[in-house]
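> Listed here are the chains, written in short residue letters.
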Amino acid sequence: ETGVTQSPTHLIKTRGQQVTLRCSSQSGHNTVSWYQQALGQGPQFIFQYYREEENGRGNFPPRFSGLQFPNYSSELNVNALELDDSALYLCASRDTGGGTEAFFGQGTRLTVV
Amino acid sequence: AQSVTQLDSQVPVFEEAPVELRCNYSSSVSVYLFWYVQYPNQGLQLLLKYLSGSTLVKGINGFEAEFNKSQTSFHLRKPSVHISDTAEYFCAVSDGGYNKLIFGAGTRLAVHP
Numbered sequence: 001e002t003g004v005t006q007s008p009t010h011l012i013k014t015r016g017q018q019v020t021l022r023c024s025s026q027s028g029h030n031t032v033s034w035y036q037q038a039l040g041q042g043p044q045f046i047f048q049y050y051r052e053e054e055n056g057r058g059n060f061p062p063r064f065s066g067l068q069f070p071n072y073s074s075e076l077n078v079n080a081l082e083l084d085d086s087a088l089y090l091c092a093s094r095d096t097g098g099g100t101e102a103f104f105g106q107g108t109r110l111t112v113v
Numbered sequence: 001a002q003s004v005t006q007l008d009s010q011v012p013v014f015e016e017a018p019v020e021l022r023c024n025y026s027s028s029v030s031v032y033l034f035w036y037v038q039y040p041n042q043g044l045q046l047l048l049k050y051l052s053g054s055t056l057v058k059g060i061n062g063f064e065a066e067f068n069k070s071q072t073s074f075h076l077r078k079p080s081v082h083i084s085d086t087a088e089y090f091c092a093v094s095d096g097g098y099n100k101l102i103f104g105a106g107t108r109l110a111v112h113p
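So the sequence lines, in the order shown, correspond to chains A and B.
Per this note's numbering, the first sequence runs over residues 1 to 113.
Per this note's numbering, the second sequence runs over residues 1 to 113.
Next comes chain A alone, as it looks inside the complex (with noise of 0.2 Å):
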């Protein structure tokens, strides 16, 4: 149990549509990062916010957006969805920087059709 909570587990959206994907970090954890892992694949780096502000951002599309609250939760927002956005997404919740551990969740799968 990692302290890391994301919801929904599993969610199927029709093509065009808009998504959002929550995640509840472990108390005091102010970094969390998002991942998207393909089906096959390691996951993806999609970005990552510190303090409610993003700091750091893979080779993803601005329709992938996202938001980190006080209460050290987060949301990941994608707007048009496209069939290749079916994929498992992660987030991973860290204290600090500089190599530490990061706690993932168990991950919404989500299926685009």
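Mixed in with the good hints there might be a few duds.
[Said to hold, decoys possible] Here are the simulated SDA-like pairs of lysine to any residue, each with C-alpha atoms no more than 20 Å apart in a straight line:
1. B:K69 / B:Y39
2. A:K13 / A:D95
3. B:K49 / A:E101
4. B:K58 / A:K13
5. B:K69 / B:Q2
6. B:K49 / B:N24
7. B:K49 / A:D95
8. B:K49 / B:A17
[To be verified] Calculated from the model, a selection of chain A residues having no Cβ within reach of chain B, i.e. all distances over 12 Å:
9. L11
10. T20
11. P61
12. L88
[Said to hold, decoys possible] Selected chain B positions facing chain A (in silico; Cβ < 8 Å):
13. P18
14. R22
15. L44
16. L46
17. K49
18. T86
19. F90
20. L101
21. F103
22. A105
23. G106
24. P113
If you're looking for bench data, these hints aren't it; they were derived computationally from the structure.
All values reported here derive from a predicted model rather than from experimental measurement.
By construction, the Cβ of each residue, glycine as well, lies at the ideal position given by its N, Cα and C atoms.
Based on these hints, arrange chain B on the given structure of chain A.
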């Protein structure tokens, strides 16, 4: 740019046999190295990490890894595997900047009785 290569997509092994999962990385800066395990329908769990110091790192569940800077490798080993070790294993690197993790494609370890 950093990258991680996991040399084997699948490793079949019999129970109680030793196993080595291979990982090579490329980076122009000092790195932190990690091995994560993912069980079906779950998130990622940290097995072990190398930040600095001794090149032989011991982790949970009897796993260990050796950092080899000259060969840019971080291979994972276990002297005797169990059925319960069947899972997907991911090697990851972080540059300690804003600490995004770059993952390899994963190695599927299948332990047979």
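> Compare the structure with each hint and give your call.
A quick look at each hint next to the structure:
no., hint, in the structure
1, B:K69 / B:Y39, "violated (29 Å)"
2, A:K13 / A:D95, "violated (33 Å)"
3, B:K49 / A:E101, "holds (8 Å)"
4, B:K58 / A:K13, "violated (42 Å)"
5, B:K69 / B:Q2, "holds (14 Å)"
6, B:K49 / B:N24, "holds (15 Å)"
7, B:K49 / A:D95, "holds (16 Å)"
8, B:K49 / B:A17, "violated (24 Å)"
9, L11, "holds (14 Å)"
10, T20, "holds (19 Å)"
11, P61, "holds (17 Å)"
12, L88, "violated (9 Å)"
13, P18, "violated (24 Å)"
14, R22, "violated (15 Å)"
15, L44, "holds (4 Å)"
16, L46, "holds (5 Å)"
17, K49, "holds (7 Å)"
18, T86, "violated (16 Å)"
19, F90, "holds (5 Å)"
20, L101, "holds (7 Å)"
21, F103, "holds (3 Å)"
22, A105, "holds (5 Å)"
23, G106, "holds (5 Å)"
24, P113, "violated (25 Å)"
Hints 1, 2, 4, 8, 12, 13, 14, 18 and 24 from the list above are not met by this structure, while the remaining hints are.
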